[in-house]
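> Listed here are the chains, written in short residue letters.
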Amino acid sequence: MLRYTLLRVLGAIPTLLLVVVLAFLMVHAAPGGPFDDERVLPVDVAANIQAAYHLDEPLPAQFARYLSGLLHGDLGPSYRYRDYTVAELIRSGFPLSLRLGVLAMALALLVGISSGIVAALRQGSMLDRMVMFFAVTGISIPVFVVAPLLVLLFAVNLQWLPAGWSGASGAAKYILPVITLALPQIAYIARLTRASMIDVLGTDFIRTARAQGLGTKVIIRVHAFKPAIMPVLSYLGPAIAAILTGSVVVEEVFGIPGLGQFFVRGALNRDYTLVLGIVIFYATLIIALNLAVDLLYGVIDPRVRQR
Amino acid sequence: MSLLEVKHLNIRYNDVAVVNGVSFKVSRGESVGIVGESGSGKSQTALSLLGLLPGNAKLTGSIIFDGEELANKSNKKLDRVRGRRIGIVFQDPMQALNPYLRIGQQLRLVLLQHELANNKDADAKVIAMLQRVGLPDPERQFRAYPHELSGGMRQRVMIASALICEPDLLIADEPTTALDVTVQAQILDLLEELRDDTALLLITHDLGIVAGRCERLLVLEAGKLIESGATTSVFSSPENPHTRKLLAAALRTDRGEIQEPNNGKTVLGVEGASVSFRNAAKDQLVAVADVSLSLRKGETLAIVGESGSGKSSLVRALLGLIPMRAGRAVYAGEALEGPVQSRAASQRRDLQLVFQDPVSALNPSLRVSAIVGEPLLVHQAKLSRAGRSERVIAILKKVGLDESYLRRYPHQLSGGQAQRVAIARALILEPKILICDEAVNALDGTVRQQVLELLKNVQRESGLSIIFISHDLAVVRSISHRVAVMYLGRLVEIADTAKLFSKPSHPYTKALLDASPVPDPRVAPVRAPLRGETPSPLTPPSGCAFHPRCAFAANICVEKKPALRDADGSRVACHRVDEIDLRISMPGVKTTASPGR
Ligand SMILES: Nc1ncnc2c1ncn2[C@@H]1O[C@H](COP(=O)(O)OP(=O)(O)OP(=O)(O)O)[C@@H](O)[C@H]1O
Ligand code: SF4
Ligand SMILES: [Mg+2]
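Note that the protein sequences, when read in sequence, are chains G and S.
Those letters in the first sequence? Residues 81 to 387, by our numbering.
Those letters in the second sequence? Residues 13 to 609, by our numbering.
Bound conformation, chain G alone (with noise of 0.2 Å):
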């Protein structure tokens, strides 16, 4: 098990550096330049502050520079907050992110998997086929129409949440963003726990437990709840990936100051840096939490924990 960790850690490096080639490349293919503003410099002030960011080395010079800033943790200064480094930014901003990301994972996860029981318990009822109806419209309507259809509703018209961030106290604040969040994961994961629940139900095991004369919540708890889970679980990393990306949209329509808006910003900014120190910064994250889920695997299934 530790060989395997040590492995798979090692095995993430090629991934992002890969990441990394491919965000420096993307960002700058991008056509301007993050001092291209309305008000035109002149010609000698504008050289100078592209020296001064080393705007006019040669891509590859700029990498081997990016590159090595980064072995050393450091993400560079951003280009358009000028008193600050990519890393404050990052550190003002992802602690929000974060909050609104593990309260909508856990809400999807606590929903999804206790509807998708349920409708499988109960198949073919009416309240199976109510979670359904749920979860394929779930899945198939974006964040950016959710949103703001939810705000209308509980923000406009019944005044029951506040529409925005900022003015709004407390918890009340959070909770459209995080069910808007987490709606999605919602529906994907009860359609996920409800198909591998009836598959669980039909194993040979679980009639053995019926045998055995152990009652329903029993066999559900005891006997079913951990291999129905198993396909939720590798769903998890695809999951995170989701919220974080929704979370840009998300921020954007709430006001709120998280990462996400952070990387909007700094994208129509053209803020080289800052756009590329949060994907880097993401994708670190993302990887990582693969990595945690598939150990997480070997914890629950013994056959796989053998390797």
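It is worth saying that the hints were derived from the structure and are not from the lab.
Where a beta carbon is used, it is the ideal one built from N, C-alpha and C, also for glycine.
Hints may contain errors.
Derived list of chain S stretches under chain G, where covered just means 3 residues or more per stretch with a C-beta under 8 Å from a C-beta of chain G [said to hold, decoys possible]:
no., region
1, 102-108
2, 122-129
3, 577-586
Given the coordinates of chain G, work out where chain S with the ligands should sit on it, guided by the hints.
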């Protein structure tokens, strides 16, 4: 009052009755066998007793257990009977135990559910039960997961879970079908030993199993109860013609016609063949070690052995489907070497293979005519369409299928018909050697009988040589001229069929024979003919690989590998073959089975 009384039991799926008006009784402490061919409704009957049928099954009739109606009752009510008063053991212990839960926990749950233990003493009770079913080191196995145990050990756990509440009735549905024959004997002994005054309902397709172990028999055919009575009288004077057919098809290891030895010239010689594999962890697994044998023209050579003995690996290497690591094989004066694609067309034509599972071996999207005719397209491309069709019809006729089968697809065939098609396909190129790998294993007794007759007829007509792989000694006895016995990749004995069955020379051969159930209630089963289970081929024992299970093992057996040598009409690999007397059964070493892998 009977313990169980089933009256007019009917089970239907979408208006097809799979069990039809079955009525029977089981008294306290009695052992009753339910026999019948595949699909006759045995399992459905068993499942219905505990209300375990799938949701779309419709059940009518009545199931009275100890005065209480169980048919169509709620789960809540049934849960008081399930596991507590009626225990059940299923066929495949790998599937029937939860791979995610420790063995101990799976048993604990049962005790706690039925309030026969509390949190404090449950563990001790479970460990005591594991001890009773013969699990070595029960404290350790308590914490093991099912995949860490061997097949036999898992089935012991299954039995422990069914008996832990001391039920009044134990249902065992093909409890040993997934196990090796020597382990089967241990498990059947264990069931008998442990059940005390628990009544037993033993379900099986194998008449040999019920013959010596059940007091009464019920015979099912197509969902109907066609015969019932005391085991001895059902065997001695069956009333129903179908029962008679079943009994006639039940082969035995102790009597029946044997093929005379055949002295044709050698067509295939194998010398020092070895096959090895590497698993994911790069451990070397020696599947076949240094096997030499020869096959004569017109002869059937059987290869027998339990799972992991290397039977299939040996023939696969001969056919070039997997590489042979050492040794050589010579067919018609020329070496058989390299992968099958690179072999001469004549070699590929002359050696043909028939697999175990006929249905999955046939391409489901082709009609029988195309399946059987396909080899002709490859090997006799010049043959006209009409010529091909003529050949296909002729060969199908030979295997007993008329022209009406030409246009059928595999799913429209029964198991026996599908196996005939597979054999026809293998025979159409008129091969010199036919290799049958457990080819009749999946077939019912009566159908199996027909396929065996078919093979014998073809052999008589065309001088075909057959290598017949099987783990079933009764089948082997009826078809082969000579028998080779393998254990953990090595040949341990090879002899003429008559000699091997009447006077086995190797202790393992003797144990296999003793463990094979005889379908005759007058022949008492040999108790615990062999202890333990076959060790993993990854870690074969030193010296004679059989020594941990052999009652005659001496120091030399641990130190030195025995070579094959002539002894008393056999070729035998045993150091002590001249000293030991196998006429008496092996000293009944009690089931102190060796630990699972
Ligand atoms: N869920 C189901 N739906 C429809 N038919 C079924 C179902 N389960 C079993 N059957 C049918 O019921 C009949 C009896 O099946 P059963 O499993 O009892 O046979 P069996 O005697 O135990 O056979 P085997 O020796 O192969 O185990 C078969 O024809 C089978 O195809
Ligand atoms: S060599 Fe020894 S251990 Fe092997 S079969 Fe003969 S007596 Fe038994
Ligand atoms: Mg069955």
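> A separate judgement is required for each hint: does it hold in the structure or not?
Here is what the structure says about each hint:
no.: 1; hint: 102-108; verdict: holds (count 4)
no.: 2; hint: 122-129; verdict: holds (count 3)
no.: 3; hint: 577-586; verdict: violated (count 0)
This entry does not satisfy hint 3, going by the numbered hints stated previously; all others are met.
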